[in-house]
Amino acid sequence: MTQDTIRQPTWRYFLRLAAYRPALYLSSGLVASVIFYLFPLLPGLVVREIFNRLSLEAPASNLNTLFLAIVGIAFARQVVLLFANLAENTLHEYINALLRHNLLKRILHHPAAKALPTSSSEAISRFRDDVEAIPAFLSWTIDPLGQAIVLIVGLSILVKINALVTLAVILPLLATFIIFNLAKRLIISSQKANQEAIGAVTNSLGEMFGAIQAVKAAGSETDIIDHFKGVNEKRRQASLRNILINRFLDSFSGNAANIGTGVLLLVSARALQVGTGTMKTFTVGDFTLFVSYLGWLTVVTTMFGNYLGKYRQTKVSLNRLLELVPDSPTDTLVKHHKVYLFGKFPPLPKMPERSAVPFQGLKVKGLTYQFEGTKAGIQDISLELKAGTLTVITGRVGAGKTTLVRTLFGLLPKTSGEIYWNDQLVEDPASFFTPPKTAYTPQVPRLFSESLRNNILMGQEKSPEALANAIHRAVLDEDLATLEQGLETTVGPRGAKLSGGQRQRSAAARMFVHEPDLLIFDDLSSALDINTEKVLWQRVFSQPVSTCLAVSHRKLALEKADNIIVLKEGKIVAQGKLEDLLKTSSEMQQLWEGEGLSETEASRN
Amino acid sequence: MNQYQDLLRSYVLPRWRTTSLLLFFLLFGTGLELLNPFIIARFIDAALNGESLRHLITLAALFLLLATVIQFASIAETYIASNLGLKATNDLRADLAHHCLSLDLSFHNSRSPGELIERVDGDVGKLSNFFSRFIVDLLGSGLLLIGVLIALYTIDWRVGGALTLFVLITLVVIHSMRNIGVPFFREASEARAKLFGFLEERLSGSEDIRPNGGIPYVLLRFFEHSRLKFRKYMKALLVGMALFSSSMILFAVGSALALGLGSYLYLKGLASLGIVFMIFRYTELLTRPIEIIGRQIQDLQEAGASVLRVREIIDTQTKVIDQGELHLPAKALGVAFDQVSFHYPDAKDQAPVLKDLSFTLEPGKKLGLLGRTGSGKTTLTRLLFRFYDPTEGSLYLNGSNLKSYRLDSVNSQVALVTQEVQLFHASLRNNLTLFKKSIADERLLEAIRKVGLWDWYSNLENGLDTWLEPNSSLSAGQAQLLSFVRVFLKDPGLIILDEASSRLDPATEQQLDTAINTLLQGRTAIIIAHHLKTVERVDEILILENGQCLEKGKRETLKHSDSHFSSLLKSGLDEALV
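First to last, the protein sequences are chains A and B.
In this text, residue positions in the first sequence follow our numbering: the first is 1, and each later residue adds one.
In this text, residue positions in the second sequence follow our numbering: the first is 1, and each later residue adds one.
FYI, nobody ran anything at the bench for these hints, they're computed from the structure.
All values derive from a computational prediction rather than experimental measurement.
Just so it is clear, CB atoms sit at the ideal spot from N, CA and C, and this is done for glycine as well.
Mixed in with the good hints there might be a few duds.
A few chain A residues that face chain B, going by a derived Cβ cut-off under 10 angstroms, partial list only [claimed, not checked]:
#, residue
1, V201
2, N203
3, I212
4, H227
5, A269
6, V291
Cβ-to-Cβ under 8 angstroms is the rule here; a few derived chain B residues that face chain A [as the list claims (entries may be wrong)]:
#, residue
7, T30
8, F43
9, A47
10, A97
With the sequences and hints as input, model every part of the structure.
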């Protein structure tokens with residue numbers, strides 16, 4: 001992940017983003033940059049005129065108009081700035097929303113379990129800071145045009161007044177520009193280190209608050225804060241370095257203006273003395289114009305220098321965003337899509353129609369997945385699953401049960417192997433295995449801080465009967481009755497207001513509500529008491545159309561299974577009905593006895 | 001203003017040395033800057049009066065020297081100020097995170113980790129500038145303002161008077177606009193925190209969304225959050241712009257005023273052209289401190305919103321008050337519930353989770369806790385940890401009220417194993433010790449051996465320093481085993497096993513059986529189990545229903561009588577026979 005993940009020139013990404021809202025981009029760009037840069041040249045000319053008239057002892061009556069002009073120019077400038085700002089910030093929000101939309105969509109669509117190269121809370125710092133760096137730079141892309149124009153206009157005004165003095169005072173400006181170019185590596189590395197340090201802080205906080213119960217139970221609040229302080233300190237050092245480097249470079253350009261003024265004093269000393277009255281080659285008014293322009297032109301040059309630095313920093317951010325969308329088409333990140341900042345929200349698309357061909361079976365050939373850098377994973381898994389049957393995957397801790405399910409349904413990208421649905425090759429498991437074909441409940445299901453209804457339906461429209469049926473199948477009806485607001489109860493972050501079992505059964509209802517051809521559940525009953533579990537299994541099977549793939553080591557499931565797949569160290573070691581396996585597979589025997597022992601003892605009593 | 005003072009007093013005042021140094025550099029730079037226009041004015045007049053070139057060049061050289069010194073002073077100032085801000089915010093961040101950790105679970109159950117990140121990191125970050133610059137800038141700018149005005153008075157009292165009046169009006173205008181922005185910035189920042197809270201939750205649950213067809217819905221909700229943030233932001237921006245624009249226009253009025261006054265004096269023969277220039281430059285110099293004061297006030301508005309939200313957290317007091325003084329002995333602990341009732345703080349209108357529950361458990365005995373999900377089992381154990389305090393009634397440990405013990409003593413003598421094991425992006429060592437440094441490696445290795453993870457451990461290349469990736473490097477079962485290691489390390493007098501072994505496969509579970517037996521030996525235990533097998537190691541049974549005790553007694557006795565427990569055993573047999 002450390003090398004460049006940028007797969008096309010950076011400017012192409014920006015071109016694509018600029019084309020997203022071209023009118024907004026151009027209007028904000030042209031107004032904000034060109035007019036923004038040119039405006040400050042005006043007061044200098046007025047002040048020069050005032051001083052010239054004073055020194056020439058021309059009639060003072062016209063001066064009032066000039067004073068008013070100064071105020072008028074300032075007013076006009078603010079009006080223009082207001083519009084530029086509104087346009088620019090609207091553009092920013094559009095781009096922010098677009099980038100976040102594309103990232104979110106891609107992460108949700110793709111191997112979920114492996115989508116984030118980092119933790120979700122660390123990813124938030126990318127969704128926040130790195131995303132915001134992109135439009136900030138985008139609206140700067142027209143700036144060089146404004147900067148070039150102001151430099152040309154400003155310098156030609158100065159040259160017209162006195163070419164020699166102009167030449168002398170722009171030398172410090174050139175020096176600034178060169179220094180900025182030399183410092184580019186320094187800027188990019190310090191920026192990257194800073195961003196990483198910030199990410200470490202948010203990540204540390206996320207884990208701390210995510211694990212609050214464990215932290216409290218262990219009584220290690222103080223220790224974990226000590227650890228956090230260490231992460232914080234690293235961030236301080238990185239930030240300080242970053243600030244210092246930027247400030248140091250800034251000071252060069254700040255100095256350039258002052259040194260320019262100093263040079264101006266030196267070279268204009270003689271010119272100011274030569275000639276008198278209208279014959280003067282260099283007036284006090286000219287002098288004030290030079291001082292004023294020197295200030296502004298230096299600011300502009302600094303901005304240009306910053307611009308190069310910013311460009312490199314933006315590349316760092318772009319890279320960090322691209323890391324979130326690995327192995328995807330080049331324009332995934334910047335692909336145009338409506339973001340609905342205005343107008344009506346889109347209607348939710350209907351669930352795809354159930355295929356006319358009824359589900360017959362699923363076949364898997366030589367499926368393999370290996371975790372990066374480890375030997376763990378699954379190897380050469382072949383299995384067949386017929387419609388209307390229950391297949392149970394079982395095995396010891398770490399045998400690869402969850403990995404198999406995740407790989408099969410595209411949550412992890414398979415290293416090799418083929419999957420067939422009704423004898424048709426599934427090209428992209430990730431986009432293929434969705435309702436109404438399949439639905440899935442992971443080992444530790446997550447709910448979201450919304451109402452229970454929204455958690456189950458996820459925005460789909462279902463008849464009240466279908467919803468009630470799903471709730472019934474998931475054995476959630478009794479719990480629902482105890483909740484004051486029933487389906488409208490907000491479940492709290494990650495469903496924290498529900499008990500573990502309620503969370504799991506809500507997730508089951510979410511799966512049942514689509515009435516999919518194939519149900520996949522990873523250890524569905526792990527947080528359920530015996531009675532609830534039994535009812536749940538009964539209700540799962542009571543529907544004749546159900547085809548299930550379950551990870552489980554529960555007796556109830558194993559006995560009901562039409563086919564059991566016994567995994568060991570990522571490979572299938574046995575496959576078949578329970579009674580056969582108990583005779584032939586020693587692994588199955590061990591697994592069975594582990595569970596069985598207790599219940600036989602209980603039955604003896 | 002009080003809330004700002006508090007924060008400044010706690011986080012900036014202790015660093016008064018750094019703050020004074022910062023002030024020194026600021027004063028130094030300000031003083032030199034006041035000299036600048038004076039030198040140029042002298043130069044113009046000298047040039048116009050035809051003084052010697054040598055004299056002019058000396059003035060130019062002096063100007064250059066001054067410019068260089070000012071630059072270095074400003075670099076030093078930036079360094080010190082940034083460092084001060086970063087250190088102060090780091091302290092605040094750590095304190096705030098610590099405070100959040102100390103709050104009871106009702107606080108955490110209503111806030112997502114993403115939202116807390118935005119508070120502890122985002123909001124505190126915005127205070128950085130406030131800490132490092134606010135007082136210093138305000139003071140520095142004030143001094144520069146006064147310095148410039150004095151300089152103007154020395155030129156001519158009319159100029160000084162007019163510009164003093166101008167400065168006062170400008171400051172009053174800025175001051176009166178001061179608090180207008182706060183609610184807008186606060187709303188904008190809230191919308192932002194909500195957006196990121198939303199994103200964090202969806203990202204961490206991404207595995208649940210696509211396979212259940214939830215993507216379009218999540219994206220729609222994302223659009224709603226984005227739009228809300230956009231609207232709030234644009235409003236805040238407009239308010240901010242209004243403040244900024246009006247000050248810029250006022251400055252232009254100031255410049256015009258200065259030039260007008262200068263011209264008047266010059267035409268009356270009361271001032272040289274150099275002096276006119278000096279008045280003009282000084283007025284321009286005035287704009288910067290006013291601008292800084294204005295900007296600081298704007299920052300203060302943004303910081304104000306952050307301060308309010310930070311204060312809101314600081315002012316949230318845990319309902320679990322740690323006022324006990326007793327220490328729990330390091331031995332098996334007796335447990336007693338005396339007429340305990342409890343309902344969650346945010347669900348007062350609902351039926352209580354526990355109702356008038358009383359029972360005792362002798363030291364060293366094991367209690368099996370049974371009941372449907374939602375019957376109050378988990379809540380009961382949470383009370384033992386003082387994650388919450390009971391609404392009515394009391395809990396007793398080792399014969400004394402639970403509240404009479406120090407909280408850290410309770411935490412060190414009571415252990416909890418939950419089904420969901422929380423792991424950190426950290427080394428294996430830190431994952432086991434939860435960052436406690438006092439635990440020797442030998443003890444860790446011994447505990448790893450005890451839970452039967454030795455084979456796994458010996459395959460790790462970096463041993464205890466192995467970096468754990470919570471989502472990929474461990475299976476749920478292995479994670480569960482690691483949580484047992486944590487308990488072994490703690491060596492507690494009371495263990496609570498909440499559905500502990502439910503996700504382990506039978507073979508692994510059996511492997512762990514011996515370890516658990518060793519662990520439970522000589523300790524009191526409360527075991528929540530849905531599996532009969534787990535129940536077998538207990539002495540007593542308590543069945544909960546709707547927060548009340550349905551049945552309580554010795555396992556052996558209940559087993560052979562016509563009890564709920566014996567019928568449960570039968571349903572367990574049914575399971576085996578289906």
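Are B:A47 and chain A close enough, Cβ to Cβ, to be under 8 angstroms, as the hint says? holds (4 angstroms)
Interface hint for A:H227, Cβ within 10 angstroms of any Cβ on chain B: Status holds, d = 4 angstroms.
Can we keep the A:N203 interface hint, with Cβ of chain B closer than 10 angstroms? Since chain B brings a Cβ to about 6 angstroms from A:N203, closer than 10 angstroms, the hint holds.
Let me know if the C-beta of A:A269 comes in closer than 10 angstroms to any C-beta of chain B, holds or violated. holds (4 angstroms)
Restraint check, 10 angstroms cut-off on beta carbons, for A:V201 near chain B: Holds. Min distance 6 angstroms.
Would you check whether A:I212 satisfies its interface hint, that is, whether its CB is within less than 10 angstroms of any CB in chain B? holds (5 angstroms)
Using 8 angstroms as the Cβ threshold, decide whether B:A97 counts as touching chain A. holds (6 angstroms)
Min Cβ distance, A:V291 to chain B: is it shorter than 10 angstroms? holds (8 angstroms)
Against chain A, is B:T30 within 8 angstroms by beta-carbon distance? violated (15 angstroms)
Does the closest beta carbon of chain A sit nearer than 8 angstroms to the beta carbon of B:F43? holds (6 angstroms)
Hint check: a violation occurs at hint 7 only; the rest are consistent with the structure.
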